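There are 2 protein chains.
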Amino acid sequence: MTEPFRFELIHQSKKSHARVGRIHTPHGIIDTPNFVAVGTNGTLKSLDNHLVSSIGLQLMFCNTYHLLLQPGTEVVKQAGGLHEFINRSMPIITDSGGFQVFSLAYGSVASEIKSQGTKKSSNSVLKINDDGVLFRSYRDGQKLLLTPETSVRAQKDLGADIIIPFDELPPYHIDQKKLEKSLDRTHEWEKRSLQEHLKSPNGQAMYAVVHGGIDQRLRKKSIDTLSNEPFDGYSVGGSLGKTKEELFELVEFTMPKLPKDKPNHLLGIGDLTSLERCIPFGVDTFDSSYPTKSARHGVAFTEKGPLKLTKGSLKQTFTPIEEHCPCHTCKHYSLAYLHHLFKAKELTALTLCSIHNLSYMVRLMERYRQDILLDKI
Amino acid sequence: MTEPFRFELIHQSKKSHARVGRIHTPHGIIDTPNFVAVGTNGTLKSLDNHLVSSIGLQLMFCNTYHLLLQPGTEVVKQAGGLHEFINRSMPIITDSGGFQVFSLAYGSVASEIKSQGTKKSSNSVLKINDDGVLFRSYRDGQKLLLTPETSVRAQKDLGADIIIPFDELPPYHIDQKKLEKSLDRTHEWEKRSLQEHLKSPNGQAMYAVVHGGIDQRLRKKSIDTLSNEPFDGYSVGGSLGKTKEELFELVEFTMPKLPKDKPNHLLGIGDLTSLERCIPFGVDTFDSSYPTKSARHGVAFTEKGPLKLTKGSLKQTFTPIEEHCPCHTCKHYSLAYLHHLFKAKELTALTLCSIHNLSYMVRLMERYRQDILLDKI
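Which chain is which? The protein sequence lines are A and B, in order.
Residues 810 to 1186, numbered by the numbering used here, are exactly what the first sequence covers, in order.
Residues 810 to 1186, numbered by the numbering used here, are exactly what the second sequence covers, in order.
Heads up, some of the hints might be wrong.
It does not matter which identical chain is meant; a pair holds if it fits inside one copy or across any two.
Under the rule of at most 27 Å between Cα atoms (straight-line distance), these lysine-lysine pairs were calculated in the DSSO-like manner [said to hold, decoys possible]:
hint, residue 1, residue 2
1, LYS1000, LYS986
2, LYS936, LYS986
3, LYS1117, LYS1154
4, LYS1185, LYS936
Treat the hints as calculated values from the structure; they're not laboratory data.
In this text, all values refer to a predicted model and were calculated from it rather than measured experimentally.
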């Protein structure tokens, strides 16, 4: 643990809320705005962390819920922490587990983030009260209690550079009264999380999670409440709307109200359109599994737009995905070969396309930062 | 194409038929005895060829049948040949497609090689006669004719360093008369293949395939017949027995009768026991998907024997698979992490274990060569 956590503002655009910054963490610098790849189980799908580091992704997102169930955070602690366990020397962020445990109760993660969740009965979640959530592990049937304190202690075991307080994720389809009650509970949980964290900071930073669903008044209330607490940064979570436009409206409203001297993060959003639309609102970091998920569906990112690698016309295209791309895949393999690997259902295809898409994201974010520095955004 | 194909005998063991040699090919040297990894579709499963080259595997086996159906050998030719298409600068060997097309007719490849095949009706194979085999592509229903000439022309398009003549693969359960007839047909097909090959050698070498099932007299006849033809090497194929002991007996009988000044290859056999037993009989190269297949089943090779990576006791084992192993996986990741990746069903696990197992094979073969040089084998 060399450098303490701090946010350095490099440039505030004259044209928008967009800004270029630098987050200093014990495991190195994160240039912002930046894209954060999701490695749920301590690995990006079909890639190894040594390779991922070489691509230049400065921050990696791991999920506490998954690591709690497998291999267990005490195992990771014994290994010397997550960086050691997964062999990553660059920064890591973990979430609280709240998102996953509440999607067990209210619907799938994917449908919840898109606000399509409807309340489902699920016998995986046994009890939700002011203390936290009691649930049953889908792996071994063991009962587990996730509370602000247990979530933070799990994240202490993991030892990520940035951690997240335990929050409640209410479903999109919730009545106003329940949403307000949920917000109060979330604020209480976040404060308890912060207290638990501050008992032994260990060089970790904690980002609050701003909630309030799509209700601007409640979002404002959440910001006001959480800004009074000594969090190191602010993330925006919870239901972000049913449509992209609703999301953009919410982010436009929310981001400029966050404390300017702290870094912020937009949880679970990172598709190309959302990046383009949300960077001008001043978002510093975005996490998403979009580039690796697209790759596994055979979609490569290019400056001309997404390219479906199984497209027949690529069968005899002996040039790389992008001529100027410096990534391993573009340096060594042609579109025709990638097309063939996807057609032949070879796992290698998933790896090679993921490498390119992540490399594309690294270059894309570099361009965004350049454009902000020049006040073009 | 720099160096012409030739076999250099380095050392003949005083203790057995084992020998150390060097096969010179247009794409570099293959030290023998050696293990040949199988990359059916032009890639090893879950690995990319750039990585595979760095592991040090000197020869890679690709399957003409698969590449004929996907992407088509004319596409590979347009790419500049297989080395260019798959980005491999080291030697490649291709088979004739006979093995696969006859297992369509007589049973699966796996059951056939273990001689458990029983004649099955299959409407994929439409006609077998002295000309060759007419079959229907499982990919697009297209009718394809595989003959000595079309197989060799396909292998010319692919441009591997070592190619194989088209042969008939009779089922294990065949009566004596049919086996003799099949052997005569195979010899005719191999001669036609050689003729076709010699029209434009292009620096490629052709290895004959010795047949005769488990009948020693017929194996001897096959060797005598094929030794009279100007093949560059000799492989041993066809049904090799129902049990490991039957296989070893056959290899012991066959190998010493092959021309000593040419390299030889044992087709489709490469598990650790078979290597140990067959190297003393003088086998130069072995091909098998065993190390990568084992890896995908979570089995890592170690000097102490195979290690099942999902074994509970490895959950907190923070040392690599093998302490002294120089491979990417052992240099960067612990058994506990690999155990976790397998438990979490991450594709990364398959890649990392495959890297180790192939690296193990490279080091194992080096040790075999050392032992032969010292007349210990």
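Consistency of the hints with the structure:
no.: 1; hint: LYS1000 - LYS986; in the structure: within (22 Å within a copy, 86 Å between copies)
no.: 2; hint: LYS936 - LYS986; in the structure: within (20 Å within a copy, 75 Å between copies)
no.: 3; hint: LYS1117 - LYS1154; in the structure: both (14 Å within a copy, 26 Å between copies)
no.: 4; hint: LYS1185 - LYS936; in the structure: neither (51 Å within a copy, 68 Å between copies)
Comparing the model with each numbered hint stated earlier shows that hint 4 is the single one that does not hold.
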